[in-house]
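**Q** Residue numbers for the sequence shown follow numbering that gives the first Met the number 0, so the first one is 0 and each next one is one higher.
Please keep in mind that the hints were generated in silico from the structure rather than gathered at the bench. Small disclaimer: the values here were computed from a predicted structure and weren't measured. Keep in mind that the hints are not guaranteed to be accurate.
Stated by the list, open to error - DEER-style ranges, computed between Cβ atoms:
| # | residue 1 | residue 2 | range |
| --- | --- | --- | --- |
| 1 | His13 | Glu69 | 30 to 40 Å |
| 2 | Tyr65 | Gly31 | 29 to 39 Å |
| 3 | Glu29 | Ala63 | 10 to 20 Å |
| 4 | Gly31 | Ala66 | 16 to 26 Å |
Glycine residues also receive a C-beta, built at the ideal position from the N, C-alpha and C atoms.
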Amino acid sequence: MAELWTEQIAIPAHLLFQEVDDEAVLLDLERGHYFGLDEVGTRIWRLLGEHSTLPEVYRALLRAGYAVDEGELEHDLEGFVGELAAAGLIELGCRP
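Whole structure, please, built from the sequences with the hints as guidance.
**A** Below is the structure:
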C-alpha cells in the first residue's frame with residue numbers, strides 16, 4: 000500500500016458525510032450503504048477533506064498530539080485509508 004503515500008486522495012461526490020457528536024456517518028449514494036466512523040476515524044475523514052495526501056494527514060495527526068507511537072500511527076493510518084479506498088469511499092488520483 001505504498002501508493003497511498005504518493006497518491007492524491009479525493010472524496011467522491013456521491014458520498015454524504017454527517018457528524019453526530021464526535022462520530023460520523025457516511026452515506027454512499029451510489030450503493031445505498033451507510034458507514035460509521037468513530038471519533039478518530041471522523042478526525043481522519045475531516046483531515047482527508049482538508050489535505051490531499053496521506054503524508055499531510057499524518058503530519059496533522061502528529062501535530063494534534065495523539066498519544067501513539069509514530070510508527071503505529073503510520074501503520075494504523077495506512078490501514079484505515081486502505082479500507083476506505085477498498086470500500087470506494089475515497090478515490091486515489093494522480094501523484095502529487
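**Q** Now tell me, hint by hint, if it's right for this structure.
**A** Going through the hints against the structure:
no.: 1; hint: His13 / Glu69: 30 to 40 Å; in the structure: 34 Å, holds
no.: 2; hint: Tyr65 / Gly31: 29 to 39 Å; in the structure: 33 Å, holds
no.: 3; hint: Glu29 / Ala63: 10 to 20 Å; in the structure: 32 Å, violated
no.: 4; hint: Gly31 / Ala66: 16 to 26 Å; in the structure: 38 Å, violated
When the structure is compared with the earlier hints, violations turn up for hints 3 and 4 and for no others.
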